[in-house]
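Let the sequences and hints guide you as you build the complete structure.
Here the protein sequences line up with chains F and L, keeping their order. Count along the first sequence from 1, then add 1; that gives the number in our numbering. Count along the second sequence from 1, then add 1; that gives the number in our numbering.
I should point out that these hints are in silico values taken from the structure, not numbers from a laboratory. Heads up, some of the hints might be wrong.
[What the hints assert, rightly or not] Pulled from the structure, derived: some chain F residues nowhere near chain L, Cβ distances all over 12 Å: (1) 25; (2) 48; (3) 77; (4) 123; (5) 151; (6) 230; (7) 260; (8) 303.
[Said to hold, decoys possible] Listed next, with one range per pair, are the computed distances between beta-carbon atoms: (9) 121/F - 366/L: 33 to 43 Å; (10) 87/F - 391/L: 36 to 46 Å; (11) 87/F - 410/L: 35 to 45 Å; (12) 222/F - 415/L: 50 to 60 Å; (13) 118/F - 22/L: 33 to 43 Å; (14) 415/L - 24/F: 41 to 51 Å; (15) 25/L - 417/F: 29 to 39 Å; (16) 143/L - 393/F: 19 to 29 Å; (17) 413/F - 335/L: 18 to 28 Å; (18) 87/F - 335/L: 32 to 42 Å; (19) 366/L - 279/F: 32 to 42 Å; (20) 25/F - 415/L: 40 to 50 Å; (21) 222/F - 366/L: 33 to 43 Å.
Each residue gets a CB set at the ideal place from its N, CA and C atoms; glycine is no exception.
There are 2 protein chains.
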Amino acid sequence: MDGSWVNYAERIGADLHLELSGPGGRRAALIRSLREAVRGGRLAPGTRLPPYRSLAADLGVARNTVADAYAELVAEGWLTARQGSGTRVAERAEPLRHTARVPRKAPPRARGPRHDLRQGTPDASSFPRAAWLASYRRALQQAPNEVFGPGDPAGRVELREALTEYLARARGVRTEPDRIVICSGFAHALRLLFGQAGGGGGGVLRGPLAVEAYGLGFHRELLAAAGVRTVPLPLDEHGARIERLGRERAVLLTPAHQFPTGGPLDPARRAAVVDWARARGGVIVEDDYDGEFRYDRKPVGAVQGLDPERVIFVGSVSKSLSPAVRLGWMVLPERYVDDVLAAKGEREAWASVLDQLSLADFISRGSYDRHVRRMRQRYRSRRDRLAAALAAHAPHVEVTGVAAGLHAVLRLPPGTERSTVKAAT
Amino acid sequence: MDGSWVNYAERIGADLHLELSGPGGRRAALIRSLREAVRGGRLAPGTRLPPYRSLAADLGVARNTVADAYAELVAEGWLTARQGSGTRVAERAEPLRHTARVPRKAPPRARGPRHDLRQGTPDASSFPRAAWLASYRRALQQAPNEVFGPGDPAGRVELREALTEYLARARGVRTEPDRIVICSGFAHALRLLFGQAGGGGGGVLRGPLAVEAYGLGFHRELLAAAGVRTVPLPLDEHGARIERLGRERAVLLTPAHQFPTGGPLDPARRAAVVDWARARGGVIVEDDYDGEFRYDRKPVGAVQGLDPERVIFVGSVSKSLSPAVRLGWMVLPERYVDDVLAAKGEREAWASVLDQLSLADFISRGSYDRHVRRMRQRYRSRRDRLAAALAAHAPHVEVTGVAAGLHAVLRLPPGTERSTVKAAT
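Written out as structure tokens, the structure reads:
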């Protein structure tokens, strides 16, 4: 009887944590405990309380004891009972006391500027919801049970296989599933390679690391926090000046689309940087952050294809799909695979395994290709509209770096920067 | 004309990266380039090539040039053309050369032992696929566009609100959404609190940190890698011996269900550790790794409820739902919120935003409660079967720590350990 009560309650109930103690019977203790939970704000106004049977079974008291306690608190005004909607905490009950704390700044997108021109942010209105949901459903329904247990830190093999084929076909990357490690994105990859904030050991690679002049500030900060010394590599119209590389142990490049100037790395320099790596025993970290988005017909494959043993190729879905899907990949020279896996941990502690399976399905079925190509058209026409608008309204502004990617470089005439920024804000 | 070609190709095509160079016309260059891509293994056997129009548009060559090149390579046996399935890389074409590299060890679950008795691993066959998919669908369909842009490092407010209500109701946690930070799980939380592997700064808290004797090895390793000195806190039948706390700055506890011995922290010691924290200005890190799974009726609420300004409460879905969903939460004293957010980064770089919205829906609709209660029943009956089997077949083995959680402690008679381990493997 009691057992069947429990089972019934288990099936229907919601959890409510209460401790029955102090003077008086269990009914009095329960009333005291519930009243305190509401007064203290632990149970927020509107919170639905569990059914009598459920709570009675949990606390090991008679069902009537719970019914009486609820009735008493309804009478006191702490709870309200409405036919059908069960017993709830009264709306006018005191909520959790509010702190003086100033609310944190809203998330970036929530500020809602009239025109959001921040670089590298994909069109959030174009996420392929239907196709992604279809892949997620298939992935979830077809997943073997072991998917829901501890995960392989390398990432799901289904995704590593899909990426091997896709990256070879679309980006000229030469690899195999065993040399790919899934991560949460480029920042995670940098942490795995160069150690975590705090400096010293932990990373797979050692500094000093050459980075392209300008480049992304947050990468430099992340590396600095990891205690990695960075050496700026100057740029010219052909991209990073490889001939300036010296005793550095590694170089971080954006060969497909230099950030921020926007040009591809000159073919001669692509060869030169591989020669440097071979001669010096150095390694190239290739940040392929938006390699899919080229608007002319000049293909720019991955430098990785030139020498898979000298290049660590890093990509993610943050630009191609959305930063809301926290997935990226590292294509590694064989000698780094085990160290990167060791840095990542015994089990998958980062990338959602269900999202990994979903992306594998999304790529294998061609949905990723279709989305990338659709977005390439959209971004190209955006680029054209921007160029046309600038030509019409600001012919004195030079536009560069628009053959690819999600940003453009505008050279303002001398002395107009401050007024331009002012007008934009 | 050409433009419309492009648009058509963009819509239908798949990406294929090729570079046309070298002697001869474009047709010869294309054939050379394709043959090399197949021979070099960059295009795997079975890979489907893009339609003529698509590739022609991408490369800026005539459609017939592509058709001729495909035909030539089909004749050479590199490609195969079948009605309906388009042109593919021939199956017998040479695959990517295999390396001598020994394949890495398979993921933990894939080893497939007859009985998987590793502690703390939820029943992978019980993942609520249908209910989770329903929540994921609703989350994806109802998500405002900004969800697909850069995310708030605190995590989605929808999830923090759902957790505020759930943790208050089910675990006795007193907090508000502004004091919750979403992360990828407990290991991520430890890294955010104590700094990343590499030691030195980066963390929000400083050592020395008292940890329960025994405890989880990988936590100690993670802390050691972060340069945090840990001091073991002895245990007895009432749990961690709080009176042994001294000059430590923080203590890591599992009050609801001590790992591994399995008992709850004695009520007097719960009060004592809060007194210690107040007196010493110390902080308690409460690891509520499986607090939902208690099989008797004695409730054990969170220590956090005793003093929200002295306790950092950390939980995750790894035990309650699955480690495949990489989501956890930190309930923080007000003074730590901004530092933890700073340690996490400018934007959400870790937890999948879609999974966050899905979990928010899953909790708000009561699916999480229902799943936890269903699993509690299942684990309880498992626990009972285990106890019965041991009583029947190994009456000399003492079983403890089975009032809660996903593991039991068996005390083997002296001198039988080695033979038992041997028999189990």
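Status of the given 32 to 42 Å range, CB of residue 279/F versus CB of residue 366/L: This hint is violated: roughly 58 Å between Cβ atoms.
Closest CB of chain L to the CB of residue 151/F still more than 12 Å away: violated (5 Å)
CB-CB spacing for residue 417/F and residue 25/L relative to the 29 to 39 Å hint: violated (51 Å)
Whether the CB-CB distance between residue 25/F and residue 415/L falls inside 40 to 50 Å: Holds, since residue 25/F and residue 415/L (Cβ atoms, about 49 Å apart) stay within the stated range.
Supplied distance hint 18 to 28 Å, evaluated on CB atoms of residue 413/F and residue 335/L: About 44 Å separates the Cβ atoms of residue 413/F and residue 335/L, which means 18 to 28 Å is violated.
Cβ separation of residue 87/F and residue 391/L, checked against the hinted range 36 to 46 Å: Holds, since residue 87/F and residue 391/L (Cβ atoms, about 42 Å apart) stay within the stated range.
Distance restraint evaluation - residue 415/L, residue 24/F, Cβ atoms, bounds 41 to 51 Å: holds (48 Å)
Distal placement of residue 303/F relative to chain L, Cβ over 12 Å: violated (8 Å)
C-beta pair residue 143/L, residue 393/F: status relative to the range 19 to 29 Å that was hinted: With a Cβ separation near 40 Å, residue 143/L and residue 393/F fall outside 19 to 29 Å, so the hint is violated.
Residue 87/F paired with residue 410/L, Cβ distance criterion 35 to 45 Å: Given a distance of about 40 Å, which is inside 35 to 45 Å, the answer is holds.
Reported absence of residue 260/F from the contact zone with chain L (all CB gaps over 12 Å): It holds; residue 260/F is separated from chain L by about 16 Å at its closest Cβ, greater than 12 Å.
Status of the given 32 to 42 Å range, CB of residue 335/L versus CB of residue 87/F: For residue 87/F and residue 335/L the Cβ distance comes to about 34 Å; the hint holds.
The structure fails hints 2, 4, 5, 8, 15, 16, 17, 19 (numbered hints given earlier, in ascending order).
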